[in-house]
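Engineer: Given next are the chains, with one letter for each unit.
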Amino acid sequence: MASISGAIFYVFIFLTVYIQVFLLVTFLENRKKIVIRKGPTKLSRYRGVTIIVPCWNEEKTIYHTVRSILDLNYPQNKLKIILVDDGSTDGTWNAIKKFDKYSNIKVFKKENGGKHTALNLGLENTDTPFVGCLDADSFADKESLVRIMSYFEVDEEVMAVAPSLIVHNSKTFVQNAQKVEYYMSVYIKKMLGTIGAIHVTPGPLTIFRKKVFDDLGPYRSAHTTEDMEIAYRMQKNHYKIEHCNDAYVYTNTPSTIKTLFKQRLRWIYGFINNTIDYRDVIWKKKYGDFSFFTLPAGVLAIFSVSYAFGKVVYSAIDFIYSKILKFQTVGFQPNHVTNNFDLFFINTQSFIFIVMIIYALLVFSIIMGRRMVEGKWNLSFDIIYYISIFSVIAPFWLLKAIFNTVTSKKPAWR
Amino acid sequence: MQKNHIDWRKYVIVFLITLMLFLSASYVSNYFGNKKIIQLKSIQDQIAIDILSSETQFSLLSELSCKNISDSVLSRELSELGGKLEWGQENLGETDEVSYLKKYYSLLQIKDYLLMKKISERCKVKSAFILYFYTTAENCSLCEKEGLVLTALRNKYPELRVYSFDYSTDLSAVKAMLDIYKIEDTKLPALVIDGDLLTGFQSTEELEARVKASFKLQEIDISNDTTSTKN
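Chains as they are written, first to last, in the numbering used here: chain F, 1 to 414; chain E, 1001 to 1231.
Wrong hints could be hidden among the right ones.
What the hints assert, rightly or not - Here are the computed lysine-lysine pairs in the BS3-like style, where the Cα-Cα straight-line distance is at most 25 Å:
hint, chain 1, residue 1, chain 2, residue 2
1, E, Lys1156, F, Lys326
2, F, Lys326, E, Lys1145
3, F, Lys285, E, Lys1010
4, F, Lys60, F, Lys109
5, E, Lys1175, E, Lys1103
6, F, Lys326, E, Lys1084
7, E, Lys1010, F, Lys286
8, F, Lys323, E, Lys1156
9, E, Lys1175, E, Lys1041
10, F, Lys323, E, Lys1084
11, E, Lys1010, F, Lys32
12, E, Lys1041, F, Lys326
13, F, Lys323, E, Lys1145
14, F, Lys236, E, Lys1010
Quick caveat, the hints were computed from the structure, so don't treat them as lab data. Here the structure is a predicted model, which is why all the values come from computation and not from measurement.
Sequences and hints are given; from them, build the entire structure.
Structural biologist: Shown next as structure tokens:
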């Protein structure tokens, strides 16, 4: 039994290293193509873009979000904004009504029906060849749109371009941990982008060719992760998705463990259920690396983290049991530890070195992600927050998401 | 339309790199594992020399040398070695080298036991001996408990010497002990104290009483000897 468990452990750990090495090799292949532009970017032709902002109780942030769109380095006559109030119960409607005076802004109010319905209302009113969304808790960098649009200019095949998401105004240690995680996501997304295997086109400012929705239909509810489902649908139909690493969008992130847990539960639940819905895409040569790398890697992450968690819990119970047994047998005994530390007792089993390799590759991806965003070599202490918070809590939202999937319980938005 | 092509060569290269990383990790692990085995071997050799030296010293000199001989107490080193071996068995795996070291260790324990028994008899050193037989071949939770009791007792009474033997040790000297004390693998853990065989789990209280009795026995012997000398 112990040997089976040991074999499973080594298979998981082997595949985990495989995924990281795969990303590293992809990075080494493409490192010269990754550029970070400084200063204003110019396009040879500015095409019409509509940005839809779905809002649900966002009165506090909506003003800054819309302002960030109006301030974009993009000709105002080529830029249209659609603000949709999805049945807010706070002062969101009053806040967005003030923007009605702008000729390029349209405002709508509808009954609450979920984010995808707000986006679809926006899509119905879009008449430009490009369309995107900006979540009302995010702010676009001045250069973001023009840099994204440059990808469409270079490659006619590109159907969607996702920006780099950066944690806005991080204050709590939970946010600092996410800051590091978002850098790592930039690295992963960029690598997936280069091999045409991106599985999510995030709400904050991913720009699509309008043709995508004309051909494939509007957004779907998709287990409250419509931005993931549309990416899956695009991959299934061989529509190319790119990642623009130097287009920055600042996003508000959960500030507490509780809100982070809710958000991640929704994401993982969405991943599991969209992957189940699109299971016919896995292991099919015609769907490329999306089918052979992205989806299997995600599924593996869920299984291996759950397994590792089970192993940790088992060891913890075993440890407590041995302490109880000791107490029952001989009562309380002070530990007779020899004062001189003996190097002999340092664990030198091979998995220790493999775990060290995994952590080294993880730190590398964080450093490279940050470099792709800021162009600087940097390593901050936030990495410690990230590793400690995520390694302790991530197994819980993973297991909860699996549990919810099994019991068909949909997680709430907030 | 995106033309999806899979670069299989890359998948193979990544596999080979990952394999290489694994083999390197295993090489480094083996390197340290071997260093530990070498360390264990050298501790054992040192103990073997010490025992041999004490034995020789004991044979060479008469009873007068009791003062010197009682200094060469080896049990601490032997129990430290025992601890390291146990750890090695769990973390380095049941390799041939570890089982060889375990046999060697059992032999050293028997030699130490015989020598210390002689010393304590002749030099009247206060001591008690427990031979402890356990098994690792099957899950023996009582052995685990007995081990805890013995460790606690040894910490309480430094004069108590516990020699532990794995029932499945493939060594004629250990087998001889099993024969002498009629130890059966179905009745483990088993303990031998002052020639008495105790099978099954013995609680701290029971064993402590036995150990104290063993000390008392010696005190009587010592006082008898002193009286006879006076006469």
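Engineer: Each hint should be assessed against the structure and marked as holding or not.
Structural biologist: Tested hints:
| no. | hint | in the structure |
| --- | --- | --- |
| 1 | E:Lys1156 / F:Lys326 | holds (16 Å) |
| 2 | F:Lys326 / E:Lys1145 | holds (7 Å) |
| 3 | F:Lys285 / E:Lys1010 | holds (15 Å) |
| 4 | F:Lys60 / F:Lys109 | holds (18 Å) |
| 5 | E:Lys1175 / E:Lys1103 | holds (11 Å) |
| 6 | F:Lys326 / E:Lys1084 | holds (20 Å) |
| 7 | E:Lys1010 / F:Lys286 | holds (17 Å) |
| 8 | F:Lys323 / E:Lys1156 | holds (19 Å) |
| 9 | E:Lys1175 / E:Lys1041 | holds (23 Å) |
| 10 | F:Lys323 / E:Lys1084 | holds (21 Å) |
| 11 | E:Lys1010 / F:Lys32 | holds (18 Å) |
| 12 | E:Lys1041 / F:Lys326 | violated (31 Å) |
| 13 | F:Lys323 / E:Lys1145 | holds (11 Å) |
| 14 | F:Lys236 / E:Lys1010 | holds (23 Å) |
This entry does not satisfy hint 12, going by the numbered hints stated previously; all others are met.
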